[in-house]
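With chain A's structure known, arrange chain B on it following the hints.
Protein chains in written order, with our numbering: chain A, -10 to 447; chain B, -10 to 447.
Watch out, some of these pointers could steer you wrong.
Since the list can't tell identical chains apart, any single copy or any two copies may satisfy a pair.
No more than 30 Å apart at the CA atoms, straight line, and that leaves these computed lysine-lysine pairs for DSS-like [to be verified]:
id : residue 1 : residue 2
1  : 226       : 214
2  : 426       : 145
3  : 160       : 145
4  : 226       : 339
5  : 426       : 389
6  : 389       : 214
7  : 194       : 416
8  : 145       : 214
9  : 416       : 214
10 : 426       : 214
11 : 226       : 416
12 : 237       : 160
13 : 160       : 214
14 : 226       : 194
15 : 226       : 346
16 : 237       : 426
17 : 214       : 194
18 : 214       : 339
19 : 226       : 145
20 : 389       : 145
21 : 339       : 426
22 : 160       : 339
23 : 339       : 194
Quick caveat, the hints were computed from the structure, so don't treat them as lab data.
Number of protein chains: 2
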Amino acid sequence: MPDRNTREAQEHRLPVACQTTAGQQHSEALLVQLLLDFVLGLSRFSPLLKKRESLFSERFHSISTSAASASKSPPQCPTHLQGLRDSAPLIAQILLRARFPHPPSKSSSSFAVPLSLCGLMGSRDDDGQSTEVQGYAADINSIREAQARIAPYVHKTPVLTSTSIDTVAGKQLFFKCECFQKAGAFKIRGASNSIFALDDDQASKGVVTHSSGNHAAAAVALAAKLRGIPAYIVIPKNAPACKVENVKRYGGRVIWSEANMESRESIARRVQEETGAVLIHPFNDKYTISGQGTVSLELLEQVPEIDTIIVPISGGGLISGVALAAKAINPSIRILAAEPKGADDSAQSKAAGRIIKLATTDTIADGLRAFLGDLTWPVVRDLVDDIIVVDDNAIVEAMKMCYETLKVAVEPSGAIGLAAALSDEFKQSSAWHESSKIGIIVSGGNVDLRVLWDSLYK
Amino acid sequence: MPDRNTREAQEHRLPVACQTTAGQQHSEALLVQLLLDFVLGLSRFSPLLKKRESLFSERFHSISTSAASASKSPPQCPTHLQGLRDSAPLIAQILLRARFPHPPSKSSSSFAVPLSLCGLMGSRDDDGQSTEVQGYAADINSIREAQARIAPYVHKTPVLTSTSIDTVAGKQLFFKCECFQKAGAFKIRGASNSIFALDDDQASKGVVTHSSGNHAAAAVALAAKLRGIPAYIVIPKNAPACKVENVKRYGGRVIWSEANMESRESIARRVQEETGAVLIHPFNDKYTISGQGTVSLELLEQVPEIDTIIVPISGGGLISGVALAAKAINPSIRILAAEPKGADDSAQSKAAGRIIKLATTDTIADGLRAFLGDLTWPVVRDLVDDIIVVDDNAIVEAMKMCYETLKVAVEPSGAIGLAAALSDEFKQSSAWHESSKIGIIVSGGNVDLRVLWDSLYK
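This is chain A alone, in the form it adopts within the complex (with noise of 0.2 Å):
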């Protein structure tokens, strides 16, 4: 019989503190959100007070370590609390740090989300590789861990809006600007939620990607320099300069291949064979789309009303990652997904109920070219509500008007979500009459200028 705390909560779908445990625990972790509420908005918005955070800080010591003495193993932090580390003061970040040094157990996370929602968990088995799971790979509490364990890594990006573009638009947009991530694009979420969570054997090895993306290979590079690892990355001879010069800014070990996808993974084989290093995938992987699904977590949490989310679509590891936190936290909110005519790949698999990949990919968007894999086609297929394709010429002018409008540098993978929303076939929907605050993932901003130019006035 649950008790009232625990129906509420499940209710109102929301996170229970520690219901596996006693309820000492329970109502100590209560006292502590509240007092870290207290201390947050003192801190936050009453200078004349500030000075007093440091007395609470005190009372909030003397608390927490009486009630860490009173217990035999050593407090796990819950992990409703965990997503503070992200969004808190540092005050609060600190206290919470100094009282739960350890992540949260899985037996204290219990979070009353619809049960379709709940995928069983892959774990990495001793290759440091995801192991196949049944349902999804990921779920709302592998993604809040991912939010927990990638906070000190990743920026909390803003979310942008221009009334002159909803006027275009007909709706208002919510853009959630993932070109100011560090590396420039959502990938270091990934990246650095599959890095942090090796344990320090697998992590003293290294670790290995061949990702063709822009951005994969310098947000392993990065995650992996943060975590003081070798990144050893697998680089056709074909690559642009720039790709190169970012993967070794961030002290990845590139490694050359031939321009085929053969010759990248034989060598990124040979790779692992020799140094032991675990293979970080850019996409089809657990931990992967649990870090890429922080995005939507953020997104909610600054724009709760939004009803809608238009999210480029490739691999499939972003936009899964945004389904299942969003799902989640609010079934009835509608994921889009926006992708290139010319690599179309994901639309051709909803409509034939299966994978399909494509002989030969033609767009701008070269960030949109991969084909789905078999962890994120499942999701695609059961959360993704509709796929909206648009061609190149309309990703070009939605790239103008982020420029123009928004002031916002993006690449051409970054501006599709903004020609999804301005299309024809949205606009048509019915989808389109039932969105209202439509938030649109601006996943990435790498681009050459020179290139820009090229693709923008050719």
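Same frame as chain A, but now just chain B:
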């Protein structure tokens, strides 16, 4: 003999609620603030407890109502709470506005700021012009009033950081992105403060401006549109089409003039005489300076540990407001101006000890070609610690860095702060050695992409 709270506030240079009123109102304001803090803390960080907002709201309302009915005059919002209208969650804004429908009275605001910064306040005479003032044209009070006045009409712009740029700069840089402001630049702050400070009678006749600047005209048109009054924008026949388009987009009425200043001024005077419209000056005005100063209030709320702010200088409205607010909050903050070599009248003025105007200007930074006015010069003379002069090549290099690394679409004037931060002149100064966390005001982002390209790769 000041009471304890007053002394404590003076010691820490923080606002004191209602010093001039009775103790009853003082403690009531403190109670309000405590309640607000609590509600804010709860609503922001405790989803589980969010539902209880309504409870707080009810209790708050009954306290407010009884306190208001006990008082004979309508309740005045304490000035220090006004800031919350901008930064607080919606619930708190609603509570504040329900509780204090009237703007703060001058007698109820009192701040313990350095006496030297408490300039005598100018006031509009019957023509709507600011009267001449002794001391400085604005101060922390007028800037806080501006913040409260314009909060509903402007964006709170984000602060971006880049580890890559910090590595190049050798300092931590915090970019205050006014390019994301409404109408693409900080100018809307001053324009909306000027226009919303007009009484209904003055406002009904409309406003007129003849600024040559890219933004000022659009900002005045937009602010007038927001207030629902006519805006007459005098524009020289040779103005670029995009400027005219911007003005028309915001509903401004374009009045053509010849290209010279005499024609613009005489036509603006004629519009004033014929319509009774109030002239809005782009920088040399108390209300404009106060509005621009809100940039620095916001920045120091967002990053309180900043020790140096670099600000583009032209007519001096922005840097005057920024300096007056920042030095009132923290007298040890260093204010540095960034000025293009081809329009270095401010640097020459500082050296000469009087306003110097140039016969011609030649710089890519088209927003920085104006000269100081009699209201901005005293602030620049006394409170701007140094002026860093940079050439156009440095501005272009900084622009590229903004696009490629910061992912922000800036105009040349917006990039000059970064150019100054990276300049040899700055790096060889004592200011560089004494600076650690540097705020950079990215003033605007209104640029035609084709013009940008020409300037980057001509």
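Each hint tested on the structure:
1. Within a single copy, residue 226 and residue 214 get their C-alpha atoms as close as 23 Å, which meets the 30 Å cut-off; across copies the closest is 56 Å, which misses it.
2. In this assembly of identical chains, residue 426 and residue 145 lie within 30 Å of each other by CA distance both inside one copy and across copies; the values are 21 Å within and 19 Å between.
3. In this assembly of identical chains, the alpha carbons of residue 160 and residue 145 lie at most 30 Å apart whether taken from the same copy (25 Å) or from different copies (21 Å).
4. Proximity of residue 226 to residue 339 under the C-alpha cut-off of 30 Å is found in neither arrangement, the shortest distances being 34 Å within a copy and 56 Å between copies.
5. Taking the shortest Cα distances, residue 426 and residue 389 sit within 30 Å of each other inside one copy (22 Å), while across copies they are farther apart (33 Å).
6. Only between protomers do residue 389 and residue 214 lie at most 30 Å apart by alpha-carbon distance; the minimum there is 26 Å, versus 34 Å within a single protomer.
7. Proximity of residue 194 to residue 416 under the C-alpha cut-off of 30 Å is found in neither arrangement, the shortest distances being 51 Å within a copy and 41 Å between copies.
8. In this assembly of identical chains, the alpha carbons of residue 145 and residue 214 lie at most 30 Å apart only when taken from the same copy (20 Å versus 34 Å across copies).
9. In this assembly of identical chains, the alpha carbons of residue 416 and residue 214 lie at most 30 Å apart only when taken from different copies (28 Å versus 44 Å within one copy).
10. Proximity of residue 426 to residue 214 under the C-alpha cut-off of 30 Å is restricted to the inter-copy arrangement: shortest distance 24 Å between copies versus 38 Å within a copy.
11. Neither within a single protomer nor between protomers do residue 226 and residue 416 lie at most 30 Å apart by alpha-carbon distance, with minima of 43 Å and 40 Å respectively.
12. Only between protomers do residue 237 and residue 160 lie at most 30 Å apart by alpha-carbon distance; the minimum there is 22 Å, versus 42 Å within a single protomer.
13. Taking the shortest Cα distances, residue 160 and residue 214 sit within 30 Å of each other only across copies (20 Å), while inside one copy they are farther apart (41 Å).
14. Taking the shortest alpha-carbon separations for residue 226 and residue 194, only the intra-copy value of 25 Å comes in at or below 30 Å, while the best inter-copy value is 68 Å.
15. Only within a single protomer do residue 226 and residue 346 lie at most 30 Å apart by alpha-carbon distance; the minimum there is 24 Å, versus 57 Å between protomers.
16. Proximity of residue 237 to residue 426 under the C-alpha cut-off of 30 Å is restricted to the inter-copy arrangement: shortest distance 27 Å between copies versus 40 Å within a copy.
17. In this homomeric assembly, residue 214 and residue 194 come within 30 Å of each other (Cα to Cα) only inside a single copy, at 13 Å, whereas the closest approach across copies is 62 Å.
18. Proximity of residue 214 and residue 339 under a CA criterion of 30 Å is satisfied in neither setting, with 38 Å inside one chain copy and 46 Å between copies.
19. For the homomeric pair residue 226 and residue 145, neither the shortest alpha-carbon distance inside one copy (35 Å) nor that between copies (45 Å) is at most 30 Å.
20. Taking the closest pair of Cα atoms, residue 389 and residue 145 come within 30 Å of each other both inside a single copy (25 Å) and across two copies (24 Å).
21. For a Cα distance limit of 30 Å, the shortest separation of residue 339 from residue 426 inside one copy, 25 Å, qualifies, whereas the shortest one across copies, 50 Å, does not.
22. Taking the closest pair of Cα atoms, residue 160 and residue 339 come within 30 Å of each other only inside a single copy of the chain (26 Å); across copies the shortest separation is 50 Å, beyond that limit.
23. For a Cα distance limit of 30 Å, the shortest separation of residue 339 from residue 194 qualifies neither inside one copy, at 39 Å, nor across copies, at 59 Å.
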